[in-house]
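Student: For reference, the chains in residue letters:
There are 2 protein chains.
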Amino acid sequence: MERVFTVPDPERNKLASLEKQLGRNLDHFLSASKVAGEIPLGQLAEFFKDSKVPDEPRFVQDQIDYLMKHVIPYCVNTGSPKFIGHMTSAIPYFLQSLSKCMVALHQNVVKIETSRSFTFLERQTLAMMHRLFYQESESFYDKHIHSRSSTLGVQCSGGTIANMLGLWMARNTWMESILGHEAAGDGLIEALLKSGKRNICFFVSQRGHYSLSKAADLLGLGKKQMRVIPVDAKHKINIEALQHDIEKAVAENLQPIAIVGVAGTTETGHFDPLEALAGVAQQHQLHFHVDAAWGGGLIFSNQYKHRLKGCEQADTIVVDGHKQMYLPMGVGMLLMKNPAHANVIAQETQYIVRAGSFDLGRRHLEGSRPGMALLTSSALHIFGRQGYELLVNHNMDLAQHFAELIERHPEFELITKPETNILTYRYYPSAWRGLNDVAVSERLSNLNRLLQKQQRESGKSFVSRTSFRYPEPSGASITVLRVVLANPLTKPEHLAEILSEQVEIGRGLVAELN
Amino acid sequence: MERVFTVPDPERNKLASLEKQLGRNLDHFLSASKVAGEIPLGQLAEFFKDSKVPDEPRFVQDQIDYLMKHVIPYCVNTGSPKFIGHMTSAIPYFLQSLSKCMVALHQNVVKIETSRSFTFLERQTLAMMHRLFYQESESFYDKHIHSRSSTLGVQCSGGTIANMLGLWMARNTWMESILGHEAAGDGLIEALLKSGKRNICFFVSQRGHYSLSKAADLLGLGKKQMRVIPVDAKHKINIEALQHDIEKAVAENLQPIAIVGVAGTTETGHFDPLEALAGVAQQHQLHFHVDAAWGGGLIFSNQYKHRLKGCEQADTIVVDGHKQMYLPMGVGMLLMKNPAHANVIAQETQYIVRAGSFDLGRRHLEGSRPGMALLTSSALHIFGRQGYELLVNHNMDLAQHFAELIERHPEFELITKPETNILTYRYYPSAWRGLNDVAVSERLSNLNRLLQKQQRESGKSFVSRTSFRYPEPSGASITVLRVVLANPLTKPEHLAEILSEQVEIGRGLVAELN
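Order-wise, the sequence lines are chains A and B.
Numbering-wise, the numbering used here comes out as the position in the first sequence, counting from 1, plus 648.
Numbering-wise, the numbering used here comes out as the position in the second sequence, counting from 1, plus 648.
Hints are computed from structural coordinates only; laboratory data are not their basis.
Hints are not guaranteed to be accurate.
No copy labels: a pair is met if it fits in one copy or bridges any two.
Unchecked claim - The calculated EDC-like cross-link candidates involving lysine to aspartate or glutamate, where the alpha carbons are at most 20 Å apart (straight line), are: (1) K1065 / D880; (2) K896 / D1045; (3) K700 / D790; (4) K842 / E900; (5) K697 / E784; (6) K872 / D893.
Values in this document were obtained by computation on a predicted structure and should not be read as measured data.
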C-alpha cells in the first residue's frame, strides 16, 4: 500500500502522458472543432450503470486506459472556441500545473496548523481583492490584513456559498440588533417574536441568481421572502418599484434586512444601478449585498470599471474567480466592507477554529478547504491588473462584434445588447417577420428551443438558451439563445460559423414545422 | 494573452520541475523529518503584507521562483510520517496527476451541458457509496442510479456542507408535513405558527462536530436548538439522557426533527450506538442523520465495518472522501436512504438546473462544482475495497500499537483508547502521580498545552491538542494530546521518536514550572 503514497517513476508514464495530452486542450480526445461527443445522453448513462465498488485493486495504468476510453471522450470540451454557451471556458496552462502542486501540498486552510503560509497567502489575496473594490487606505490594510479579530473576506467554493454567507451575515446582524450577542443561539423565531415582525425579507431584481432564493429557503425565511423586483427596459432593477415594494413589505409587517444588487446578471450580463441601490439601502438602513460573481471582473479594466461604481458602498460583495478570472472551479469570494462584520457568524471549538487564532475556519460556512489561494494569488501576479484588463476588454469587444453581426443578419434578432460579455438573441426567419402577434412569439420560442437542442446534440458548437419575461411594457415570456464570450481563443470567424450553423438548422426546422 | 491559454512547452520547464519536486513528498523543500518551517507565525505573516494587485504581468517562471522561495517552504508537510495531529495526511501520487487532469478538463457538474459523462460518473460514484452503506437490491440501483427524478446522494465540498444538507432536508421535511409542498416558500416561522410549536430542535452528543451547531444557526433554528446530550464513560451518546431530553423538549413545546449519530467523533474517534439511535429515531419518527465523515471509512473493512451497523437505517449519511479515502480536499458526500428525499430542497431555473434534466445542481446547496468524481471514482477502482481495507486495518493496528506504547510508558497517561485510528493521551510526569486533586488536573492541562505548542513550534513533529469534559462521573475539563494515525508512511519508530521528543519537552517544562 505504501507504494501508492510515494512516487514510482516508471509507473507514472501513462499518467504523465495523460496529463500532457489533456494539457493540449483535449485535442487528442475531441477534435478542436467539437464541443462534445455525439452519443445521446440516455445511451451515455448506460456506460455508468455498475453500482458495485470493485473488490480488488486495479492498476493505475488500467484505470487511465479506462478513463481515456470511456469517460474523457464523452465530457464537454469547455475550452473549445465554439463552446460559448456558459461561463466555463478555457483555462490557463499554468493553473493546471499549480493545481497539481496544490493537491500535492495537501494543505487544509480551515486552520493555521494545517496550512501556515497558505493561511497568510489567502488573507493577502483577499486583501488584494478587497483593495480593488473598496480602495481603503494603506494603514487600513496594514491593520486588517492579518488581524486575528477581523477578516476582509472569505474564499469559498463558489458564488452560491458566497451569496449565502452574505445573506447569513445580513440576517444575523439584524438578529443581533434585536437579541444582542446571543442571536445565533436563539434563532430567527426568537428575534421575530421579540421584534413583533411577521418575518424578514430582502429584495433583488427578477434577474437575480437562483442561489439567492435557495439562500432564502436555507436561512429559514422562506423563498417568498425574497421579494422579486421587476426590471426596466434595460434589464436593470426598477428603483421606483423597489421603493414601493419596501414600503409594501413594511406595511405587511415584514422587516426588510437587505437589498441585493446584481453586477452582471447570469442570463443577460446587465448591471443594476448600484449607486442608486446603495442610496436606497442607506435610506432604509439595510445591508447592501452586491452579487458581482460575473461582473466583478470588470474591476480590472480602466475602461469598464465605472460600471461597478457603487460597489464600494456595499457591505458585502461576491466575486467568482472561476468566472472572469479564469481560475479552476471552486474560487468564490465574499468581500466585506467592515472587517469585523463576519463576527456575527463566528464559530469556535477547542480542536479546530480556536478563539484568538489565525484559523480561517472561524468565520466561514465551510469547514476543511484546499489551499486555493495558491491559484488565486498566482493568477493575480501572472496576469497582473493589466493582463486581466486585456482579457476583459477583448471579451467586451468580441461581444460587441457579435452583437453587430446578429443585428446585420436578416434571420436573427438581437434581444439584449451586451453590457458585459453576454448577449441574447433569437433565430427569426424572414418569412415570419411582420406577423407580430402572440402566436408568432410562441412559435419563435419553440423554434429556438428546438434549434438550441439540435445544435447542442450535433456537438460542433454550443450556445445555451434561457427564457425570461420581456421587460415592460410587453411582459411576455420568450425563449432566447444565450452567448457568453469568455474564451480568448474564440475568433470572429468562429462566431460567423456558429451563425451559419444556426441558419442551416433553423431553416431545416422551419421547413419541418410548416 | 492567448499564449497563456495554450501550452508553450519550453516555458513549462520550471512548472514541470516544481510539479516533480512536489510529487516527491516535499522532501526538496522540507526535510522528511520536518513538519513545518521554524519561523514564528507573526514573522511569517510579514511576508504576506503587500495588499496591492500588481499592475504589470509577471513571468510564470518568476512566480514559480517566488512560490518556491517564500510560500512553499513555510507551509505544513502534512504528508510527513510525523505529522499525526490532524485528519490530513499523505496523498496517493496518482491523485496529484488526476487532479491536474480534472482542472485541465474544466467540467462544471452543476449541469449536464457542462459535464456530460462527468455527471453520470458522479451519479455512479454516489451509487457505489450508497450501496456500500445501504446494500439495496440490484434493481433498486438500476432504477435510481441515473433517474432524473431522484438522487442517491450528493457530492459536495466537505462534511460541513454535507451535514448542513442533511439537516436542511430534515427541517424542510418537517416543514412540508405542516405546510405542504410550499414549505420552502413560506419559511420556518409559518410552519411554527401553523403547528403551534415554539421552535424545532435536533439532538447530538457533546462530541458532535461544530458544523452541526453552525447548521443550527444557518438554518434559522438557533444554536441552542441543537440539544447537546452527554456521553457515557465510553464517549458514546447516553441513550437514557437522550430519551429524557426528547421528552423534555416536547414538554417545552419544541418540535424534535432529527437525531444525529456520530460515527467517529472528531476529537476521540468514537462511535455512537447507531442501532439504538435508529430505534429512538423511529420511535419518535425523527430524521436519523449519521455523521460518518471520519468513521465512514470503516465500511471497507470486513473486520471493522460492524461498528457502522445501524447506518443502513439512517435517512442521511455523511462521508468525507478527503479523510479515510485519501482524496484531496473537497470530497464531501451525503447519501440518502430514500432517493426522492432530496426533492424537499429542489431548485429550478430556466438557464441552469432545468426541471426534468440530469442537472446535478437541482438538489444541492452548492452551485458550480468541479468534476471531483474523476478522483473519487478512480480511487475506488485503484484501491478497490480490499485496498481500502488494508489501509483501514493498518491504521487500526498502528493506533492499537501506539496506545500500548503510551500505556506502558511511566510518563504518559492514555485518555481515550482508539476505537478508530484516533487516540488521546497526556504527558503525566512521574513526580506528579498520586497527587490526585483538582490542582494537579489543572497543572496537567497547562503542562500539556505548553508541551503541544513547543512541539509544534520546533517543527520536527506534530500532534494536536483538545479539551473536553471527562465522561461522568468526574466531569472535569482536561486538555489532552490528540493523535490521528492515517498516514501509511508512519512507522512504529516514528511514534517512539515522538514520545521521546515529548518526554524531553515535558521534563524541561516541569523543571521550568517548578
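Student: All the hints need checking, so say for each whether the structure fits it.
Tutor: Okay, the hints, checked on the actual structure:
1. Only within a single protomer do K1065 and D880 lie at most 20 Å apart by alpha-carbon distance; the minimum there is 14 Å, versus 66 Å between protomers.
2. For a Cα distance limit of 20 Å, the shortest separation of K896 from D1045 qualifies neither inside one copy, at 42 Å, nor across copies, at 66 Å.
3. Within a single copy, K700 and D790 get their C-alpha atoms only as close as 55 Å, which misses the 20 Å cut-off; across copies the closest is 11 Å, which meets it.
4. For a Cα distance limit of 20 Å, the shortest separation of K842 from E900 qualifies both inside one copy, at 17 Å, and across copies, at 18 Å.
5. Taking the shortest alpha-carbon separations for K697 and E784, only the inter-copy value of 15 Å comes in at or below 20 Å, while the best intra-copy value is 55 Å.
6. For a Cα distance limit of 20 Å, the shortest separation of K872 from D893 inside one copy, 13 Å, qualifies, whereas the shortest one across copies, 34 Å, does not.
Going through the hint list in order, the structure does not satisfy hint 2, though it satisfies all others.
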